[in-house]
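Take 4 as the starting number for the sequence shown in my numbering and just add one per residue.
Worth flagging that the hints you see were computed from the coordinates, not collected in a lab. Hints are supplied without guarantee of correctness; some may be wrong.
[Stated by the list, open to error] Pair by pair, the computed Cβ-Cβ distance ranges are:
#1 S93 with V128: 38 to 44 angstroms
#2 L35 with A127: 20 to 26 angstroms
#3 A92 with A43: 21 to 27 angstroms
#4 A115 with A22: 17 to 23 angstroms
#5 N13 with P45: 39 to 45 angstroms
#6 P38 with G90: 27 to 33 angstroms
#7 E110 with R80: 25 to 31 angstroms
#8 Q112 with F44: 37 to 43 angstroms
#9 G90 with D130: 35 to 41 angstroms
#10 R58 with S132: 33 to 39 angstroms
All residues carry an ideal CB built from backbone N, CA and C; glycine is no exception.
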Amino acid sequence: MRVTENERENSFVLLQIGAQRVALPAGLVAELAPPVRLHAFPHSSKLISGVIVRRGRIVPVYEAALVLGGRSSSSQRFYLIARWQVGNASELGAIPVNGECELASGEMQPAALGRPAYVAGTLAVGDDSFDVLNLDAFAASHATAAGESLGAEAQS
4 MRVTENEREN SFVLLQIGAQ RVALPAGLVA ELAPPVRLHA FPHSSKLISG
54 VIVRRGRIVP VYEAALVLGG RSSSSQRFYL IARWQVGNAS ELGAIPVNGE
104 CELASGEMQP AALGRPAYVA GTLAVGDDSF DVLNLDAFAA SHATAAGESL
154 GAEAQS
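All chains, full assembly: derive it from the sequences and hints.
Take a look at the structure:
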């Protein structure tokens with residue numbers, strides 16, 4: 004069975020991050036990995052909780068739950084490893100997921116006015132509606148916020 008380009012564009016992974024269910028374009032997902040040892044190290048980014056080693060690569064772990072209005076969960080079931088665009092390079096990043104993931108199809112609608120920049124749009128599945136994350140904007144907006152908070156700390 005061949006997957007058409009249209010089916011690929013309209014496929015999303017629904018996932019639980021903290022207390023919120025969101026959607027991510029399925030084409031960005033590299034794999035779902037079991038919870039492995041998180042390697043913490045001194046750094047200034049509040050968004051990155053550490054790194055994991057997956058298939059011989061060091062993969063940063065982004066605390067998406069903090070950004071989505073929750074708190075990080077120590078009860079994650081697995082890591083969702085996705086492709087992020089960092090400058091001109093494509094990198095892998097991991098998000099701790101604490102619930103089930105499922106594949107859904109549908110057409111993404113534009114994001115409502117006033118939604119954060121990291122919300123690319125909305126996906127309706129049955130009676131539910133999910134924010135579709137734009138990982139590039141997600142990482143960029145929080146890298147900027149981290150830089151601003153570092154500047155404020157330096158001035159105090």
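Checked hints:
1. S93 with V128: 38 to 44 angstroms: violated, 28 angstroms
2. L35 with A127: 20 to 26 angstroms: holds, 24 angstroms
3. A92 with A43: 21 to 27 angstroms: holds, 24 angstroms
4. A115 with A22: 17 to 23 angstroms: Taking Cβ atoms as reference, A115 and A22 lie about 20 angstroms apart, which means the hint holds.
5. N13 with P45: 39 to 45 angstroms: holds, 42 angstroms
6. P38 with G90: 27 to 33 angstroms: This hint holds: roughly 29 angstroms between Cβ atoms.
7. E110 with R80: 25 to 31 angstroms: This hint holds: roughly 29 angstroms between Cβ atoms.
8. Q112 with F44: 37 to 43 angstroms: At roughly 40 angstroms between Cβ atoms, F44 and Q112 fall inside 37 to 43 angstroms, so the hint holds.
9. G90 with D130: 35 to 41 angstroms: holds, 40 angstroms
10. R58 with S132: 33 to 39 angstroms: Cβ of R58 to Cβ of S132: about 35 angstroms, so the range 33 to 39 angstroms holds.
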